[in-house]
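Listed below, chain by chain, are the residues.
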Amino acid sequence: MTQTPEFEPQIVAFCCLHCAYAAADLAGGSRCGYPPSIKIIAVPCTGRVDSLHLVKALEDGADGVMVAGCLPGRCHFQTGNLYANQRVEHVRSLLKEIGLEADRVRMINVSAGMGVQFAERAKEMAETITALGPNPLRVRKAQVAPTDAAMEETN
Amino acid sequence: MIVAERKPLEAIVEMLKNDRKVLAVGCGTCVAVCFAGGKKEVEMLASSLRMTTRLKGEKLEVDETSVQRQCEVEYLEALDERVKDYDAIVSLGCGVGVQFLAERFPDKRIIPALDTKFMGGPTEAGVWEERCQGCGSCMLGETGGVCPISRCAKQLMNGPCGGSKHGHCEIDENIPCAWQLIWERMDKLGRIDELMEISSPKDWSTGRDGGPRRVVRDDLRLPEDEDI
Ligand code: SF4
Ligand code: SF4
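Protein sequence lines, in the order shown, are assigned to chains A and B. Residues in the first sequence are numbered consecutively from 16, following this note's numbering. Residues in the second sequence are numbered consecutively from 265, following this note's numbering.
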């Protein structure tokens, strides 16, 4: 995949309010930086994150999607993070069917106190996505657009 | 309920290779509750189709909608105008829904997005099992409420066979032996003596062997014009 040096990935991170969101806050507060490409969306529990949210984010051009929930066994609602993990796995296999890299979607687990670890995981995610390059759908959309216009003309 | 499962994406894409604009139609009844063809699954399939074709550099426009039941024509009327804009309809209904769509829209190609599996229900979260094969002459009253037609691999009338092992069927150790279940149920009901009588062969003419079937209820039919 060709990759421009200035490629800065856009990563949507669904973060549980009870753990990862607080961890991200702590990371920021402790001046422990994480890549600006991580765009955080707070959710009351990762159990609220549907497979559809992950797929739609990619369809709409996100380069990667991260779901960040509590440590296994520590979910505020007991099993929300486990459901989220199953959905992430489901979407990863769906992405293969679609023809996108499964690694564009990933789940991480952190507690509210794990600011440093959140920053590390976020950095790893950004590295993975940078290595994968831009979401080809976004690139395609830009390429397909003029073709569309040409097709309209011929119609 | 009718239990179905989505076809591999590639198979659906292949069926759509000559189409430019399609409408994915979900069904809000059986296939919605088995998570194969409800509103959410339509959105997921439409998204997946748009993404996979865009990645291949092909142009396929996919819109989405859902009806309460594809197998009742009254619910399909709402689509009459809408379908005119599309080359094909991708149905996320069971095989019945697909056919009712095809009958309602004779000039449209209808693509099945699902494989219809069986009549059954969920036995635990994420697991569905077959329970009935529509034999047309239900014998559950004689078998303690356990169906030997759909649940016994050999559809035995007088089981179990010699392949019944520790309560499981010889074809798969995860499948309970239907006749073992029947025996246990009848034992609980104090009706074992009934199982000692040999059942005669089943009359399959009420099932598929009798050809396509039809149910007619004269009390529900609309009066003929001349009677009005
Ligand atoms: S006996 Fe026939 S009608 Fe009854 S559950 Fe079994 S297949 Fe269905
Ligand atoms: S083992 Fe049981 S379920 Fe399997 S074929 Fe024999 S009687 Fe039927």
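One thing to keep in mind: the hints can contain errors.
[Unchecked claim] Here are the computed lysine to aspartate or glutamate pairs in the EDC-like style, where the Cα-Cα straight-line distance is at most 16 Å:
#	chain 1	residue 1	chain 2	residue 2
1	B	Lys348	B	Asp327
2	A	Lys54	A	Asp40
3	B	Lys304	B	Glu269
4	B	Lys304	A	Asp65
5	B	Lys372	B	Glu406
6	B	Lys285	B	Glu341
7	B	Lys320	B	Glu278
8	B	Lys281	B	Asp351
9	B	Lys281	B	Glu307
10	B	Lys320	A	Glu23
11	B	Lys303	A	Glu116
12	B	Lys320	B	Glu274
13	B	Lys271	A	Glu112
14	A	Lys71	B	Glu307
15	A	Lys111	B	Glu274
16	B	Lys271	B	Asp379
17	A	Lys54	A	Glu104
18	A	Lys138	A	Glu112
19	A	Lys71	B	Asp327
20	B	Lys320	A	Glu112
21	A	Lys54	A	Glu112
Source of the hints: derived by calculation from the structure; they are not laboratory data.
Evaluation of the provided hints:
no.	hint	in the structure
1	B:Lys348 - B:Asp327	holds (13 Å)
2	A:Lys54 - A:Asp40	holds (13 Å)
3	B:Lys304 - B:Glu269	holds (14 Å)
4	B:Lys304 - A:Asp65	holds (10 Å)
5	B:Lys372 - B:Glu406	violated (46 Å)
6	B:Lys285 - B:Glu341	violated (20 Å)
7	B:Lys320 - B:Glu278	holds (12 Å)
8	B:Lys281 - B:Asp351	holds (11 Å)
9	B:Lys281 - B:Glu307	violated (20 Å)
10	B:Lys320 - A:Glu23	violated (24 Å)
11	B:Lys303 - A:Glu116	violated (26 Å)
12	B:Lys320 - B:Glu274	holds (12 Å)
13	B:Lys271 - A:Glu112	holds (11 Å)
14	A:Lys71 - B:Glu307	holds (9 Å)
15	A:Lys111 - B:Glu274	holds (11 Å)
16	B:Lys271 - B:Asp379	holds (6 Å)
17	A:Lys54 - A:Glu104	violated (21 Å)
18	A:Lys138 - A:Glu112	violated (27 Å)
19	A:Lys71 - B:Asp327	holds (14 Å)
20	B:Lys320 - A:Glu112	holds (12 Å)
21	A:Lys54 - A:Glu112	violated (26 Å)
When each numbered hint is compared with the structure, violations occur for hints 5, 6, 9, 10, 11, 17, 18 and 21.
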